[in-house]
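So the sequence lines, in the order shown, correspond to chains A and B.
Note that the first sequence covers residues 1 to 299 in my numbering.
Note that the second sequence covers residues 1 to 271 in my numbering.
What the hints contain is simulated information worked out from the structure, not anything from laboratory work.
Just so you know, nobody snuck in bad clues.
Calculated cross-link-like contacts (lysine-lysine; reagent style DSBU-like; alpha-carbon spacing at most 35 Å):
(1) 293(A) - 182(B)
(2) 260(B) - 178(B)
(3) 189(B) - 293(A)
Keep in mind the model is a prediction, meaning the values are calculated, not measured.
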Amino acid sequence: MHRKIKQSILSFLSKYWFFIPALLVYIIFLIYPVIYSLILNFYEWDGLSQIRTYIGFGNYIKFIKDPVSILALKNNLTWIIISLLIPVSIGLILSICLDRPLKGKILYRTIFYLPNILPLVAVATIWRWIYNPIFGALNTLLKLIGFSNLRHAWLSEPNIALYSIIITAIWASVGFPMLLFLAGLQNIPKELYEAAKIDGASEIQSIKYITVPLLRETFVIIVSTTIANSIKVFDLVYVMTMGGPARMTQVLGTWMYFNTFLYSRAGYGATIACIMTVLTFIISIPYIRIMSKKRIEGT
Amino acid sequence: MRKYNSLVYIFLTLLALLWTIPFIILVLTALRTQNDIVSRGVFAIPKQITFDAFITAWKQGKFNIYFKNSLMICFTKVPIGILIASLAAYPLSVYNFRLRDTIFLFFLSGIGISVSITLFPLTLLLKKMLLLNSLGALFFPYIAFGLPFQILVCRGFFHSIPKELIDAARIDGASESKVFRKVILPLSKPAIASLFIIDFLGTWNEFIMALIFINSDKWKTVPIGLTYFQDQFSSAYPTVMAGVLISILPVVTIYVYLQKYFVKGLAGIFK
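Same shape as in the complex, but just chain A:
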């Protein structure tokens, strides 16, 4: 009896030990912290002392009444809308341009994708220098071409700081949708375009009736990742403005960081983080569904 059990455990392990290391690391360093935050979410706690007070949905009420949280949420929303409109459409246009036999195709692709692989801290640092009000390239250029009155303190004027950061984000992110659209386009059989041409369709028409519908899955993946990334934004804001001036550029990510790690409000910080995670989780569902069905082929 004893031997039988031992044997069945051994045969089970010989087959299934493969995912034990992954499961352990994943549960300890990802799942456990998530559950911890989901509980902490209902408490008021400074993160250090022995006393935690259960306050139910108190932190959520605080969130709604906190003007900075609401502003952060709004800023994330602005970020989502602009990143869905501008980088995604530039990426689509670029991919359609690059999906034909062109000289220097790889060079163009490299230029547009390069910013995407840089550390965001480096991107933020470059653009902080470009936006520098006195010696920065942008104001220098505006003065050179005679538009001195258009010069601004790009990162310290409350009305424009957020948009200045988003422009940086656009520069850095255009390559991602471009590359995915290119991959999707290569999947469309070229005969379809030839058939359409024979039937007298214009180039614009074949884009509208062949390209766009057949890129549906690619669209879903891009839209879902773009929204999720816009909710998670942290690095660019942290380095470029630290949420300033006057907290005007706070986003959920930085505001969570301020509360948890600088203001010792661990419970409230957990609530902001939970809101972020619920949003990114819902947004990722279509992405996960499409990706889990794919068979990934050789390269």
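On the provided structure of chain A, position chain B as indicated by the hints.
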């Protein structure tokens, strides 16, 4: 078609120029003296090209330390993480068992989880494990957050390996781990190579965890080093830009030299 092509060229070239300007500014700034920039402006051709800024950044800016730390974490975390992920993906793609889809979905759900929700609990956990403020604090969480995507990609790839090859090896008496080592891994080289590149870039660039888990200069990684360095040399523009150039050098090199594998890999994954 002809007519369109020249229009496309003009459009692409103009946009590419616009996209290159920040890189030009970066290089033009790093290669000259502070005085030259302040007195003659960013767009002037440098009076004299100098590499002093790089030396200052490397030594006084402590980039030599940050660089070493980033390389150390990348060259340990990336191979070990991918190994663990590919091991997990093997039974999830070739066996049939009851919990298979549940376990796969459990791993996959990690894709939707934002790092921010784990940061504070992780600091408490890492402190208890005496890992906080060392590279070990980054090692395990980085692996955990890499797993969902890597398991997804490996599983998708393993599915495309013909079942007959695996069965043939088993008939020849190969154990499961031998099948994995001798059949699966060699056939998966392209997928693993692209995962390696993607993960190397991601690990090199990671910011928020390193910011929170590491305090002492001794263990800072390049992105964290770059932010501290900026505060320290805030108005020494050439030095700061030299720091940026140092910090992007490995990722740019990898991208330019290995972009064939990288781009094809991404295309294979997302097509």
